[in-house]
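> Letter by letter, the chains look like this.
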Amino acid sequence: MSHGTTTLAFMFQGGVIAAADTRSSCNGLVACPASQKILPVHSHLVGTTSGTSADCALWKRILARELRLYQLRHGRRLSTAGAAKLLAHMLHPFKGTELCVAATLCGWDGVRSGPSLYYVCSDGTRLQGALFSVGSGSPYAYSVLDGGVRWGLTVEEAISLAREAVYRATHRDAYSGNCVDVYHITSHGWTRRDREELREEYYREKERERVKLKERREKQEGVEDGQSSGRKK
Amino acid sequence: MALQDVSGFQDTPMSHMWNSPASLSGPMGDTTPLLDMADERILGWGRFKSSERDGGVPLRFFIPPPQSSVPFRCDNRHTSLSSLSTSSSPPTRRPFPLSHGTTTLAFVFQGGVIAAADTRASCSGLVACPSAQKILPIHSHLLVTTSGSGADCMLWERILAREIRLYQLRHGRRLSITGSAKLLSHMLHPFKGTDVCVAATLCGWDVEEVRVEEFKGKRVDRMGSGRDDSISPAKRDRCGPKLFYVCSDGTRLQGELFSVGSGSPYAYGVLDGEVRWSLNEEEAISLAREAVYRATHRDAYSGNCVDLFHITAQGYCRRDREDLREEYHRERERVLKRGKEESEEDKK
Numbered sequence: 001m002s003h004g005t006t007t008l009a010f011m012f013q014g015g016v017i018a019a020a021d022t023r024s025s026c027n028g029l030v031a032c033p034a035s036q037k038i039l040p041v042h043s044h045l046v047g048t049t050s051g052t053s054a055d056c057a058l059w060k061r062i063l064a065r066e067l068r069l070y071q072l073r074h075g076r077r078l079s080t081a082g083a084a085k086l087l088a089h090m091l092h093p094f095k096g097t098e099l100c101v102a103a104t105l106c107g108w109d110g111v112r113s114g115p116s117l118y119y120v121c122s123d124g125t126r127l128q129g130a131l132f133s134v135g136s137g138s139p140y141a142y143s144v145l146d147g148g149v150r151w152g153l154t155v156e157e158a159i160s161l162a163r164e165a166v167y168r169a170t171h172r173d174a175y176s177g178n179c180v181d182v183y184h185i186t187s188h189g190w191t192r193r194d195r196e197e198l199r200e201e202y203y204r205e206k207e208r209e210r211v212k213l214k215e216r217r218e219k220q221e222g223v224e225d226g227q228s229s230g231r232k233k
Numbered sequence: 001m002a003l004q005d006v007s008g009f010q011d012t013p014m015s016h017m018w019n020s021p022a023s024l025s026g027p028m029g030d031t032t033p034l035l036d037m038a039d040e041r042i043l044g045w046g047r048f049k050s051s052e053r054d055g056g057v058p059l060r061f062f063i064p065p066p067q068s069s070v071p072f073r074c075d076n077r078h079t080s081l082s083s084l085s086t087s088s089s090p091p092t093r094r095p096f097p098l099s100h101g102t103t104t105l106a107f108v109f110q111g112g113v114i115a116a117a118d119t120r121a122s123c124s125g126l127v128a129c130p131s132a133q134k135i136l137p138i139h140s141h142l143l144v145t146t147s148g149s150g151a152d153c154m155l156w157e158r159i160l161a162r163e164i165r166l167y168q169l170r171h172g173r174r175l176s177i178t179g180s181a182k183l184l185s186h187m188l189h190p191f192k193g194t195d196v197c198v199a200a201t202l203c204g205w206d207v208e209e210v211r212v213e214e215f216k217g218k219r220v221d222r223m224g225s226g227r228d229d230s231i232s233p234a235k236r237d238r239c240g241p242k243l244f245y246v247c248s249d250g251t252r253l254q255g256e257l258f259s260v261g262s263g264s265p266y267a268y269g270v271l272d273g274e275v276r277w278s279l280n281e282e283e284a285i286s287l288a289r290e291a292v293y294r295a296t297h298r299d300a301y302s303g304n305c306v307d308l309f310h311i312t313a314q315g316y317c318r319r320d321r322e323d324l325r326e327e328y329h330r331e332r333e334r335v336l337k338r339g340k341e342e343s344e345e346d347k348k
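Read top to bottom, the protein sequences are chains A and B. Numbering-wise (my numbering), the first sequence opens with residue 1 and increments by one. Numbering-wise (my numbering), the second sequence opens with residue 1 and increments by one.
In case anyone wonders, no lab produced these hints; they're calculated from the structure. What you are looking at is a predicted structure, and each value in this text was computed from that prediction instead of being measured. Fair warning: there could be bad hints in the mix.
To be verified - Straight-line distance between alpha carbons at most 20 Å, and here's what the computed SDA-like set of lysine to any residue pairs gives:
| no. | chain 1 | residue 1 | chain 2 | residue 2 |
| --- | --- | --- | --- | --- |
| 1 | A | Lys60 | A | Tyr70 |
| 2 | A | Lys212 | B | Lys347 |
| 3 | B | Lys340 | A | Lys214 |
| 4 | A | Lys219 | B | Trp277 |
| 5 | B | Lys337 | A | Trp151 |
| 6 | B | Lys337 | A | Thr154 |
| 7 | A | Lys206 | B | Leu279 |
| 8 | A | Lys214 | B | Gly111 |
| 9 | A | Lys219 | B | Gln110 |
| 10 | B | Lys347 | A | Phe12 |
| 11 | B | Lys340 | A | Gly152 |
| 12 | A | Lys214 | B | Ser278 |
| 13 | A | Lys219 | B | Asn280 |
| 14 | B | Lys340 | A | Arg150 |
| 15 | B | Lys340 | A | Ala130 |
| 16 | A | Lys206 | B | Leu166 |
| 17 | A | Lys214 | B | Gly240 |
| 18 | B | Lys347 | A | Gly114 |
| 19 | A | Lys219 | B | Gly111 |
| 20 | B | Lys182 | B | Lys192 |
| 21 | B | Lys337 | A | Leu153 |
| 22 | A | Lys214 | B | Arg276 |
| 23 | B | Lys337 | A | Lys219 |
| 24 | B | Lys340 | A | Thr154 |
| 25 | A | Lys206 | B | Glu274 |
| 26 | B | Lys340 | A | Leu153 |
| 27 | A | Lys206 | B | Phe109 |
| 28 | A | Lys206 | B | Gly240 |
| 29 | B | Lys337 | A | Gly152 |
| 30 | B | Lys340 | A | Trp151 |
| 31 | A | Lys219 | B | Ser278 |
| 32 | A | Lys219 | B | Gly240 |
To be verified - Listed next, with one range per pair, are the computed distances between beta-carbon atoms:
| no. | chain 1 | residue 1 | chain 2 | residue 2 | range |
| --- | --- | --- | --- | --- | --- |
| 33 | A | Gln220 | B | Gly255 | 18 to 26 Å |
| 34 | A | Thr125 | B | Leu253 | 32 to 40 Å |
| 35 | A | Asn27 | B | Lys337 | 44 to 52 Å |
| 36 | B | Asp195 | A | Arg204 | 23 to 31 Å |
| 37 | B | Ala300 | A | Asp225 | 47 to 55 Å |
| 38 | A | Glu205 | B | Arg334 | 23 to 31 Å |
The C-beta atom is built at its ideal place from N, Cα and C for all residues, glycine as well.
Please put together the full structure from these sequences, using the hints given.
So this is what it looks like as structure tokens:
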């Protein structure tokens, strides 16, 4: 798991949720604490990026250009499956080199098909699925998502699940952190939630724990006072 | 063996020669004829002998001799690593890279300590044993979860159990969990940098023994549990549930939640969100089961069944081993049923 990031995406009845952290790391240095790992390709397609950020940014732009050219030539938008195949074939000549791109393409295909999710990797992998998480923080995110993702989630539940999964991953993984970006793709296109600092979430959790610890101590002291007063009698 | 050590009873002639001052301090050349004669036997039981009876720990381990013709015995205290480094032969090659292919976890809560682990012993892609036991009891109030090389863990767990028992016989009271962790860590230290791979969490409950108590003028020996109000607050902090992580690279950490192994990130994701001090017993057990299940679901090197142990002031109790395949089928049924219900609701 060498891609130092946490990105995830899953499908549900309300569309596709894509979420990622915002930490760009470089050999132990946090190169950028506010990088953008989810890049929109067009109005109904969003790609999460993992691997080398330079490679990912370049290939996303190339993909966006090719999809736009297809749209102009053929008069209709290329499906997510087509975009995934296109990206995979474009990356293929670089297989075996140091190019490192691991992207999940999350999109909504026209009226009939609905949400769709593909994982494309520069080593040639191209997989369709309902849930993907990529990066060094992905195991932590997987366990949270595996227990919560269902088709029937509401939009709020899905968003909070995605946030929770990224938060858990950033809590344990050193190469993930800072903020979380959440994108929601529906038939009307993608919408972006405000970037949220996970430090706030961490402090909120700490506060909750402190309150509980205080309650526990008070309870224990109450029990001891009761016992000692009992002995004095 | 433990009793033999304490009583100093050594009836075999070989043990005299092995442990006599002459052989201990003499130059290596003197011992070669002895070793040539009965190499196998000495290799066999010479390993576990603790030769000093004054409470010291030194364990004479016969590190396999290099390819050169003179077999030598290493005192693992001072000279072992330096003499190994000067030998000219290369170290034995491992046939596959070692990694901790397992999921074990342990956490502390108000009702004690929960320890859980999967039961798959893997060996470079082969499931060597689908029903291994990764949580080994040492005594009634101490368990060890093992990760790393299965053979190393089994051996060191037995050595730890022996040393704790010896301590108990010599000093009349049980070694604390903190002490056991320190002991294990110091025993593993000479092997730092070698291929020994042990990552264990020691889970236990420190039962504070109050040896003497002034009670209405009488002197009474009592053994109290952690919640006794006659014990001073300082002592009370030392009692109760304890959790330590000890690793063969020298790490020794105390904590309230540990998960070790290749499946640990998956388990951490589940545990971090849910573990609290105030859990009750059923919640804690089901949380541990869930965490191991999630890890076995995603990690290839974890799987098969889940073992769960619960340690309280009264000792440990073990839950029946549970096959996770059943859990997987049950979850699929639940998801299907839920999907059906939701689609029916949508239709209405």
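> Taking the hints in turn, state whether each one holds.
Consistency of the hints with the structure:
1. Of the supplied pair hints, the one linking lysine 60 of chain A and tyrosine 70 of chain A holds, its CA atoms being roughly 15 Å apart against a limit of 20 Å.
2. For the suggested pair lysine 212 of chain A and lysine 347 of chain B, the alpha carbons sit about 44 Å apart, so the restraint of at most 20 Å is broken.
3. For the hint linking lysine 340 of chain B to lysine 214 of chain A, the alpha-carbon distance of about 45 Å lies beyond 20 Å, and the restraint is violated.
4. Simply put, lysine 219 of chain A and tryptophan 277 of chain B have alpha-carbon atoms about 13 Å apart, close enough for the 20 Å limit, and the pair holds.
5. Restraint check: the Cα-Cα separation between lysine 337 of chain B and tryptophan 151 of chain A comes to about 12 Å, which is no more than 20 Å; the hinted pair holds.
6. Under the criterion of a C-alpha separation no larger than 20 Å, the hint pairing lysine 337 of chain B with threonine 154 of chain A is consistent with the structure, at around 17 Å.
7. This hinted pair checks out: lysine 206 of chain A and leucine 279 of chain B have alpha carbons roughly 17 Å apart, not beyond 20 Å.
8. In summary, the hint linking lysine 214 of chain A to glycine 111 of chain B is supported, as the alpha carbons are separated by about 18 Å, within the 20 Å threshold.
9. Note on lysine 219 of chain A and glutamine 110 of chain B: the hinted pairing holds, with a Cα-Cα distance of about 12 Å set against a maximum of 20 Å.
10. Simply put, lysine 347 of chain B and phenylalanine 12 of chain A have alpha-carbon atoms about 17 Å apart, close enough for the 20 Å limit, and the pair holds.
11. Our distance criterion of 20 Å between C-alpha atoms is met by lysine 340 of chain B and glycine 152 of chain A, whose separation comes to about 10 Å.
12. Using a Cα cut-off of 20 Å, the hinted pair lysine 214 of chain A and serine 278 of chain B holds, with the two alpha carbons roughly 12 Å apart.
13. Between lysine 219 of chain A and asparagine 280 of chain B the CA atoms are separated by roughly 16 Å; this keeps the pair inside 20 Å, and the hint holds.
14. At most 20 Å may separate the alpha-carbon atoms for a hinted pair to count; lysine 340 of chain B and arginine 150 of chain A meet this at roughly 12 Å.
15. Between the alpha carbons of lysine 340 of chain B and alanine 130 of chain A the distance comes to roughly 18 Å, so the proposed pair stays at or under 20 Å and holds.
16. For the suggested pair lysine 206 of chain A and leucine 166 of chain B, the alpha carbons sit about 43 Å apart, so the restraint of at most 20 Å is broken.
17. For a cut-off of 20 Å, the pair hint linking lysine 214 of chain A to glycine 240 of chain B stands: about 19 Å separates their Cα positions.
18. Between the alpha carbons of lysine 347 of chain B and glycine 114 of chain A the distance comes to roughly 18 Å, so the proposed pair stays at or under 20 Å and holds.
19. Restraint check for lysine 219 of chain A and glycine 111 of chain B: satisfied, since their Cα atoms lie roughly 15 Å apart, inside the 20 Å limit.
20. With a C-alpha separation of about 15 Å, the suggested pairing of lysine 182 of chain B with lysine 192 of chain B holds against the 20 Å cut-off.
21. With a CA separation close to 14 Å, the supplied pair lysine 337 of chain B and leucine 153 of chain A stays within the 20 Å bound.
22. Taking the CA atoms of lysine 214 of chain A and arginine 276 of chain B, the gap is near 13 Å; set against the 20 Å cutoff, the hint holds.
23. Among the hinted pairs, lysine 337 of chain B with lysine 219 of chain A is inconsistent with the structure: their alpha-carbon atoms are about 42 Å apart, more than 20 Å.
24. Pair hint lysine 340 of chain B plus threonine 154 of chain A holds up; C-alpha atoms about 16 Å apart against a cutoff of 20 Å.
25. For the suggested pair lysine 206 of chain A and glutamate 274 of chain B, the alpha carbons sit about 13 Å apart, so the restraint of at most 20 Å is met.
26. Of the pairs offered as hints, the one joining lysine 340 of chain B and leucine 153 of chain A holds, with about 13 Å between alpha carbons and a cut-off of 20 Å not exceeded.
27. For a cut-off of 20 Å, the pair hint linking lysine 206 of chain A to phenylalanine 109 of chain B stands: about 17 Å separates their Cα positions.
28. Taken as a hint, the lysine 206 of chain A and glycine 240 of chain B pair is broken in the structure, with Cα atoms around 24 Å apart against an allowance of 20 Å.
29. For the suggested pair lysine 337 of chain B and glycine 152 of chain A, the alpha carbons sit about 11 Å apart, so the restraint of at most 20 Å is met.
30. Between lysine 340 of chain B and tryptophan 151 of chain A the CA atoms are separated by roughly 11 Å; this keeps the pair inside 20 Å, and the hint holds.
31. Restraint check for lysine 219 of chain A and serine 278 of chain B: satisfied, since their Cα atoms lie roughly 11 Å apart, inside the 20 Å limit.
32. Using a Cα cut-off of 20 Å, the hinted pair lysine 219 of chain A and glycine 240 of chain B holds, with the two alpha carbons roughly 17 Å apart.
33. Distance hint check for glutamine 220 of chain A and glycine 255 of chain B: the Cβ-Cβ separation is about 21 Å, which falls inside the suggested range of 18 to 26 Å.
34. Remark: the range hint 32 to 40 Å for threonine 125 of chain A to leucine 253 of chain B is upheld by a beta-carbon distance near 37 Å.
35. A hinted range of 44 to 52 Å for the beta carbons of asparagine 27 of chain A and lysine 337 of chain B is consistent with their spacing of about 49 Å.
36. Between aspartate 195 of chain B and arginine 204 of chain A, the C-beta spacing of about 45 Å breaks the proposed range 23 to 31 Å.
37. As the Cβ distance of alanine 300 of chain B to aspartate 225 of chain A is approximately 54 Å, the hint placing it in 47 to 55 Å holds.
38. As the Cβ distance of glutamate 205 of chain A to arginine 334 of chain B is approximately 29 Å, the hint placing it in 23 to 31 Å holds.
Of the numbered hints listed earlier, those contradicted by the structure are 2, 3, 16, 23, 28, 36.
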